[in-house]
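2 protein chains.
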Amino acid sequence: MEQYFVKETINSNNYQITDPETFKHVAKVLRHKTGDVIYLVDTTESLFAATIKNVDQEQNLIETELEKMTTASSEMPVDVTVACSLSKKDKIEWITQKSTELGAKKIIFFDSKYSIMNWKKNVVEKKLLRLQEIAKNAAQQSKRRIIPEVIYIDSLQKLIDYKAESSLVAYEESAKQGEISLLAQTLAKTPKSVLCAFGPEGGFAPEEIDFLNQNDFLSVGLGPRIMRAETAPMYFLSVLSYKYELTVK
Amino acid sequence: MEQYFVKETINSNNYQITDPETFKHVAKVLRHKTGDVIYLVDTTESLFAATIKNVDQEQNLIETELEKMTTASSEMPVDVTVACSLSKKDKIEWITQKSTELGAKKIIFFDSKYSIMNWKKNVVEKKLLRLQEIAKNAAQQSKRRIIPEVIYIDSLQKLIDYKAESSLVAYEESAKQGEISLLAQTLAKTPKSVLCAFGPEGGFAPEEIDFLNQNDFLSVGLGPRIMRAETAPMYFLSVLSYKYELTVK
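So the protein sequences, as listed, match chains A and G. Sequential numbering of the first sequence, starting at -2, is according to the numbering used here. Sequential numbering of the second sequence, starting at -2, is according to the numbering used here.
Keep in mind that the hints were calculated from the coordinates and are not lab data. Model, not experiment: these values are computed from the prediction. The reader is advised that the hints may include incorrect statements.
Given that identical chains are not distinguished, each listed pair holds provided it fits within a single copy or across any two copies.
What the hints assert, rightly or not - Result set (EDC-like, lysine to aspartate or glutamate): computed pairs, CA atoms no more than 20 Å apart in a straight line: (1) K173 <-> E72; (2) K133 <-> E176; (3) K103 <-> D151; (4) K103 <-> E170; (5) K140 <-> E176; (6) K173 <-> E(-1).
Okay, chain A solo, but in the shape it has when bound (with noise of 0.2 Å):
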């Protein structure tokens, strides 16, 4: 059963569906009848399931019973935000959907000396609401309680401003030089947040590195093996998944 996104917080046993998109692909796209269920998550993150009650196909609305779920949230219990050096459209699109998928909080994409591509101010609204969009249904595909926030900032030195409890940087020199336990030492301390920067596929610049080294983000390396720009944002996540969600116990 497939799960919706509405933007307030849910107080009674009944709610009207009338976002013009949910209402759509319910309605519409999935042509959904009275007895269908779908899920629907509010702005407090919490899970109903919703029977639909009556598809007003003239008012564009569907009006649902609720029933408050009580199934263990899918968010991680740690923040998590991945920031990523600018790339082409369709590589910056992945990221978006499968940090979304794995368990994101934010996602940040930042300009950096190597990067390929840049973007000019007046695009960046219309680029960052597609992002969002991708991300809003990722998150819905892949049940999880909240949209993450997709960022844009045009300087790796405002990134400054997104550092959280453990901030670090995936670096292949970090790899080169057998770098394998600074990850495994900072999840162990079991931050509240984490942040990790991943650079373009021609790497950070020198000066780069020292500037996050200079603000306490960590140099670590993520393994022997040289990853795509894309992929090392996924290892990271799918790492942090493991550690807090799937050792415990």
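Dock chain G against the given chain A, drawing on the hints supplied.
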């Protein structure tokens, strides 16, 4: 510096590159000249720095002088196989590329009940050649010591022939029921080889899970979020790398 595989065992300090594809890439695409250094990996997984002595454009060969490197292997200490239900061309190409980057030794595609595709007998060879080429390129780019083998089997039953010391199946229902520790328990035993089977978007049929379970495939959950069919194998491989390559002291 880029790396190429050579299809023989190197026992000398000199090596002539005659493979047409490697010659073309080194001499024509990247236009390497005498004095440039590239890496070669032979069939014993040894890595050599190869200094170009002569690029013979008439005979299409490159003479090199070798130095054997003592760099630690980039191969996982565990033999990992991912077995994925057949899917669309772009998805299986993507799975092949990413699984190679993430360290898989074997990549198996199989037909299952809810697979959205199957391959006709007369296209299997051609399709595997294409996937094997993708694996080779990804292996060179990620600096692997081997090229993962890509295999196609036309039924889930035949997967039994590929069983590893620990064989697993990623099962959404296990995750839904809150199963969170079997993967970690399995990995804690440090098996020499691990295989994990991943179903199609529509999931495995219950009788397929029964069949796998009866053949000692353990059903494991991969966390509380629903991952797309192509994301789950990446999660799995990332976790194995973390467990065996980043958390040892």
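Problem set entry | Hint numbers contradicted by this structure | 2 and 4
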